[in-house]
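Peer 1: Here is what each chain is made of, one letter per residue.
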Amino acid sequence: MDNIVDLSRFQFAMTAMYHFLFVPLTLGLAWILVIMESLYVMTNKEIYKDMTKFWGKLFGINFALGVTTGLTMEFQFGTNWAYYSHYVGDVFGAPLAIEGMMAFFLESTFVGLFFFGWDRLSKVQHLGATCLVAFGSSMSALWILVANAWMQNPVGAEFNYETMRMEMTSFADVVFNPVAQVKFVHTVASGYVAGAMFVLAISSYYLLKGRDIAFAKRSFAIAAAFGIAGILCTIVLGDESGYEVGDVQKAKLAAIESEWDTQEAPASFTLIGFPNQEEQRTDYAVKIPYALGIIATRSLDEEVTGLKDLLAEHEVRIRNGMVAYGLLNKLRNGDKTPENIAAFDASKIDLGYGLLLKKYTDNVTDATDEQIKMAVDDSIPSVAPMFWSFRIMVGSGIFMLFVFLFAFYQSARNRIGENKLFSRICLYSLPLPWIAIEAGWFVAEYGRQPWAIAEILPTHMGVSTLSIDQLMFSIISIAAFYTVILAIEMFLMFRFARLGPSSLKTGKYHFEQLENKQG
Amino acid sequence: MFDYETLKLIWWVLICVLLIGFVITDGFDMGVGALLPVIGKTDEERRIMINTIAPHWEGNQVWLVLAAGAIFAAWPTVYATAFSGFYVAMMLTLFALFFRPVGFDYRSKMADTRWRTSWDWGIFIGSAIPPIIFGVAFANLLQGVPFTLDEFLRSSYQGGIIDLLNPFALLVGVFSLMLFVLQGSTWLQMKTEGALKERARKVSLIAAPVVCALFAIAGIWLAKGIDGYVLTSVIDTNGPSNPLLKTAVLQSGAWLTNYDTYPITMVAPALGLTFPLLAWFASKKDCNAAAFVSSSIAILGVLLTCAFSMFPFIMPSSLDPSASLTLWDAVSSEFTLNIMTIAAVIFLPLILLYTSWAYFKMFGRIGKAFMTKYKHSAY
Numbered sequence: 003m004d005n006i007v008d009l010s011r012f013q014f015a016m017t018a019m020y021h022f023l024f025v026p027l028t029l030g031l032a033w034i035l036v037i038m039e040s041l042y043v044m045t046n047k048e049i050y051k052d053m054t055k056f057w058g059k060l061f062g063i064n065f066a067l068g069v070t071t072g073l074t075m076e077f078q079f080g081t082n083w084a085y086y087s088h089y090v091g092d093v094f095g096a097p098l099a100i101e102g103m104m105a106f107f108l109e110s111t112f113v114g115l116f117f118f119g120w121d122r123l124s125k126v127q128h129l130g131a132t133c134l135v136a137f138g139s140s141m142s143a144l145w146i147l148v149a150n151a152w153m154q155n156p157v158g159a160e161f162n163y164e165t166m167r168m169e170m171t172s173f174a175d176v177v178f179n180p181v182a183q184v185k186f187v188h189t190v191a192s193g194y195v196a197g198a199m200f201v202l203a204i205s206s207y208y209l210l211k212g213r214d215i216a217f218a219k220r221s222f223a224i225a226a227a228f229g230i231a232g233i234l235c236t237i238v239l240g241d242e243s244g245y246e247v248g249d250v251q252k253a254k255l256a257a258i259e260s261e262w263d264t265q266e267a268p269a270s271f272t273l274i275g276f277p278n279q280e281e282q283r284t285d286y287a288v289k290i291p292y293a294l295g296i297i298a299t300r301s302l303d304e305e306v307t308g309l310k311d312l313l314a315e316h317e318v319r320i321r322n323g324m325v326a327y328g329l330l331n332k333l334r335n336g337d338k339t340p341e342n343i344a345a346f347d348a349s350k351i352d353l354g355y356g357l358l359l360k361k362y363t364d365n366v367t368d369a370t371d372e373q374i375k376m377a378v379d380d381s382i383p384s385v386a387p388m389f390w391s392f393r394i395m396v397g398s399g400i401f402m403l404f405v406f407l408f409a410f411y412q413s414a415r416n417r418i419g420e421n422k423l424f425s426r427i428c429l430y431s432l433p434l435p436w437i438a439i440e441a442g443w444f445v446a447e448y449g450r451q452p453w454a455i456a457e458i459l460p461t462h463m464g465v466s467t468l469s470i471d472q473l474m475f476s477i478i479s480i481a482a483f484y485t486v487i488l489a490i491e492m493f494l495m496f497r498f499a500r501l502g503p504s505s506l507k508t509g510k511y512h513f514e515q516l517e518n519k520q521g
Numbered sequence: 018m019f020d021y022e023t024l025k026l027i028w029w030v031l032i033c034v035l036l037i038g039f040v041i042t043d044g045f046d047m048g049v050g051a052l053l054p055v056i057g058k059t060d061e062e063r064r065i066m067i068n069t070i071a072p073h074w075e076g077n078q079v080w081l082v083l084a085a086g087a088i089f090a091a092w093p094t095v096y097a098t099a100f101s102g103f104y105v106a107m108m109l110t111l112f113a114l115f116f117r118p119v120g121f122d123y124r125s126k127m128a129d130t131r132w133r134t135s136w137d138w139g140i141f142i143g144s145a146i147p148p149i150i151f152g153v154a155f156a157n158l159l160q161g162v163p164f165t166l167d168e169f170l171r172s173s174y175q176g177g178i179i180d181l182l183n184p185f186a187l188l189v190g191v192f193s194l195m196l197f198v199l200q201g202s203t204w205l206q207m208k209t210e211g212a213l214k215e216r217a218r219k220v221s222l223i224a225a226p227v228v229c230a231l232f233a234i235a236g237i238w239l240a241k242g243i244d245g246y247v248l249t250s251v252i253d254t255n256g257p258s259n260p261l262l263k264t265a266v267l268q269s270g271a272w273l274t275n276y277d278t279y280p281i282t283m284v285a286p287a288l289g290l291t292f293p294l295l296a297w298f299a300s301k302k303d304c305n306a307a308a309f310v311s312s313s314i315a316i317l318g319v320l321l322t323c324a325f326s327m328f329p330f331i332m333p334s335s336l337d338p339s340a341s342l343t344l345w346d347a348v349s350s351e352f353t354l355n356i357m358t359i360a361a362v363i364f365l366p367l368i369l370l371y372t373s374w375a376y377f378k379m380f381g382r383i384g385k386a387f388m389t390k391y392k393h394s395a396y
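So the protein sequences, as listed, match chains A and B.
Heads up, the first sequence is in my numbering, so the first residue is 3 and it goes up one at a time.
Heads up, the second sequence is in my numbering, so the first residue is 18 and it goes up one at a time.
Only part of the chain B face toward chain A is listed, based on derived beta-carbon distances under 7 Å: (1) 79; (2) 82; (3) 86; (4) 104; (5) 115; (6) 119; (7) 126; (8) 375; (9) 393.
If you want the ones that stay clear, here's a sample from chain B, every Cβ over 10 Å from chain A, calculated: (10) 158; (11) 161; (12) 180; (13) 191; (14) 215; (15) 216; (16) 254.
Because the hints were derived from the structure by calculation, they are not lab data.
Virtual Cβ for every residue (Gly too), placed ideally from N, Cα, C.
Just chain B, with the same shape it has in the complex (with noise of 0.2 Å):
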């Protein structure tokens, strides 16, 4: 169908949107999760703002589920290099995603105020802890993993978990967390309302500049302070995948070329500067809707701006940057990435219709009329 170079840029392209589908929709049930102990003042605040996601969160999961399936089966060398590197920032992770399902689900089934607050702050902890370590994962993808891999392709990390706490991403870190607040206080402004959804709106009021600000120097901290990764020998981008075909080192400013080569990529950058400004300005006008899309929209610059400055990096390598994993070499055969992307040409314009259509059904806000009527079904 495609030849071999043009399916490894699809795929490039489907895992990007796969990512940014997930911090989009899971980014506002993650969101209201934090937001739900700062908020919510009374129980039926917090049920209220449990249940504006609750028909919602488990589909929206399944972005983040597709997307680590997607990276097995079209990166897969990226798949078990990346996650068997961060393996403790992997198990963490994967505890805290343990509360949410059960927290969302066991928390109305008892009436008890200490078995509603323990479940209050396990689905704290499940959503605020998971946005944390997505963005210092990314931070520490920006400036190289210290790992290797040997003639059999077999890879090992040499770092310690601590390694991966340096300053940067930690401010990456925070910045994520604001990112998914902005996300889920914007998404609180359109389906609450009263004075939780002013207090909603307060929160987007200030996480938007704090957003904006830290992505700024987020960026300048890239630019200034954190060396790029470039290529040292031609990629046959059309050969068979393997990462020690070619060779690449570590240059500082690197991660700017791109924008220098290709001036339209500065558009993400742009959006993700701007876009929480709007929502500010949305907010500050109680469009709320109008806030809700600029968030989303802010969500695909900054993402956006990783993928463009690394491109076509995916891991590089801090101790043999030739042995960096990118979208040329790490990925499935021809034959393979054939077939999923017939997959995804059918599959995921489908999972988008019916995801709508969820939506469109359960459109419209929710407030304590709502709560005392479906007082023993809703969440």
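Just chain A, same shape as in the assembly (with noise of 0.2 Å):
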């Protein structure tokens, strides 16, 4: 049981982080497209329309893999997470739909209009369409958050002994759960990121070489500016508000600082240091006073609570969670007595913590003190990976601001390209945006452990009922699959990149130009 746990955790982690390699150029790059396009409508100069298709053939290289991989995560969670799909469905499920409803259908069908419309749309109709493209993305996303941050602040559902399951009791809390207006605004802005880094790379690439200056000029100085937007948000508006609310966001915040005991507000900042999670300390720390009192609570009275403190309220709460489950079972059994209902609507909030210890006895009631302590061990993330790749992603973060704090500073000073080492430090910071997200999903989600969903269902309760065999088929295909697949679009990247808009074959460029002097 514990290998199709594991199995099943390592496929949905690959194969989701996968899917994150696509979706943030995907949401930067298409409002990128749209400030080509809308400039090319304004001032009619074809250049503008070049950097559209140009840009735009990128942007559809990395669309087909982002829809490819897509359809994997829409199939996984029937497929490998069969229980979790039944115990939340009902909640989990609806801005799923929505999202294919409202946003993934209007995307999909401009985006063939995007490419196709050019000579059959007017210009307003088909700078309609890119928005279109760029709106439908950001529409996917929305959806896709309310989803996930539901899985990390489950609020506005409630669950249902007949059906066995969690079922929604408020759509508008669902919608407007905290965790997902913060989460939504940082994700977004962070695929903004993404886009504006790609552009500015590749078009730093150009100055380097002394190709196509004034249509790499451009495209650098809308990126510069763009991605000035983007940090910002990403960063100004960023996740740590969201670590406020639920019981699992504050562990959360409490691994990714490694903060074991509850200090005195305003809490200190650990910069720097070694979390040791069996003595339950931070070797070696380096602090800065007040910081993270200020940035996790917006205030200097609140307290930040510490780990140690979380795992003492998680014990009372399996033992609570015990009794619910027991009375679950009477009810199951058909002593619907309004005691027993009272009783157990009374305790079904900690229903989820006594399901923790389905893990060492199915019986869950006649769990014994070990079992206890072995559950509440269970009940944080390991702290060490959590503080490290928190790290990294802020520190790609901040290294990009001011990238792109200079990029900006260049581009008004009307000196782009000038610095050869800014343009050098430009085209390699390129994986930065992806490695600040993929670091940046680790924590939101290894650190939502040991929970699929927070405080209601154990990780290991949400796998379907499937061999070995059958996840290793599917595992080893998927990879083989993925591998192939991204070895071929890096390839087409990196060939339609260096190529730059002499792809475009207008003969404009630089390529054909040298062709034409030669010939």
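Two independent chains are provided; combine them into the complex using the hints.
Peer 2: Shown next, in the form of structure tokens:
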């Protein structure tokens, strides 16, 4: 059983992180295309049309893999997380279905017109199509993040013992979940950063090579302006305010900071150190006074709860969860007296904590103190991976802030490309958004452990009834497919990025000019 | 807004609509892909075929994505049980579907012959395999699926992949592929010209009678040789959704009872039988649009036949018929169905509107002149 859970988790992590290699670029590049095409419609200059078409070509190469890997995500809840799908589908499924109706349909229909409608639509109509692709992709992210935020902070739903699942009680609560709000801004803005960095880096490459300068400078300036807006949104309206609500979000925050003991307010921020899970302390910590309290609570007098206190709270909730589980069994066996129903309703908030014991004893109610101790230890994520990946994310983010600031300053002074060293820095910063984004998702989802749905459904309960063979078959096949198509995608990306706007075959750009001269 | 019983019915109808929408629209994309190595003799012809669907296939595929999403949201127990039960089949469908987005976009990016030929086969696999698996899956739903539900409503599938591939299922798989091919060939009749169009017409003239014959054979087989399921207890259609609160049994001829009770439902198999013939007739007369419309109506008839035969069952269990999933007891809560209905009422008309606009804008046949003009920007 443990192996099934581990393999299922591995497959999900692999496919989700892979999917998110392509999503951010779609999110960001789509809006950059809108900016470029708007300039074309306003100024009527062909170069902006060429820019839209060229960056659109790269957009298409990326978009194809986004769609491919997105299919896996949609199938996978049902194929590999069947009990999860049954248990929370009533709540979790709705935003996914609405995403399809409202966003993905829009995006997919108009992406066809974006590529093939240049001569069929009027200029303004075509710009409209491009806008709807960008709008659709961001809306798509909104609904997916509403669903994801519900996993982190499951509001607006209640357990129903007659149907043995969670059921939605307030759609507004699910949509306006505070975690969803900040997650949406943070994630979508980080996608905009990825799009901007992509254009900035590749434009810098042309500048370094001294090719298609006018094309590259214009692209660079748009990317710099869009990037600075994106990175500021990502950092300022960042994720941290989402850590105030919900027990699991608190545990995540404490793990990120390796905050074992609750400090007096305002808490200091551990800049760097070595988390030690066994001894429950942080070795060699370098701390900045007040910083954490201000970042996490935006105040000087609120506490940030430490992990030790959270663990103590979890033990109480696990013991209460055992009671809830016992009452649920009574109800299921038909003993539906009003007293039992009332008692169950009073304790069902901790039913999920009781289910944490399922890993150790199927019967839950007969758990020994030792088993309870193990379940309590499970109830927080491993600190070190959280601590480090958070710092990778923030470090990359801050570095990119400086890159965009300087790029923006250069374009404002009309000195794009004059500083070779900076152009090189821009070029080699290309992977940073992806590193930051993947690290960020790791923090968000690994930090949710041991839960699939925070405080409601432990991850180990969510899996399908499958065999090891089935999982090995799917993991190996997906890994093989994904490796091959990633190699092909990278090959095409590099090829067309190197070729630049000459790939449009307009005859106006570097390589074709070169051929003409030689010819 | 509506009572729970009505909402459950609405979602049965809506999911039928989404699946029919998928087979009609993405059906011709897959049909074209499956015909790519068959009637596309040269690279240019294959490019023409691909470019007839290039602006639309992405949107069309969303019918499938949306159908899966709607099943997740409206029938979570079905989504969980079917997707995990058919695990290997689902994975194979997924892998096949991988080929299309990359195939369509990447094929034209390089002129190398080997590169393009490889993608041609990729697109072929991505277009021909899913229809077969869908057919096999629906046939298995009609035969009942060996799964059980425990008291916590955790499902386990007890069969193997080989059990899925029984003779009836294989027949329906081939039938399904032919249905998609008919849809694809009638689309190509409408959208191409010259020799390519003539070849598409020839395919339609063969596929249409085959579809009709296979549908008839499958129908007779279903009526005579495959036992259906009936409910043996009253289901509280307004009650909580839990499949274990009712009883059901296997009974021969049970899949025909709805046609006795509601004779109007006979329309569905009638459409499924006659419209392939009309598609044949229209192809013969070179009325290309009429052929396409007839083929689309045939799809409607075929899928409705499947839905009407099984109503109210969605996924019967052959191991424990009482655990079968029906549209009354494998669904979401009343609250969620209400929310989803509101969303569908707002967005489905919008989808139909802008999709039609996209087709309207891209109207017209594609031929050699088009490929010469858009040599560098088309797929």
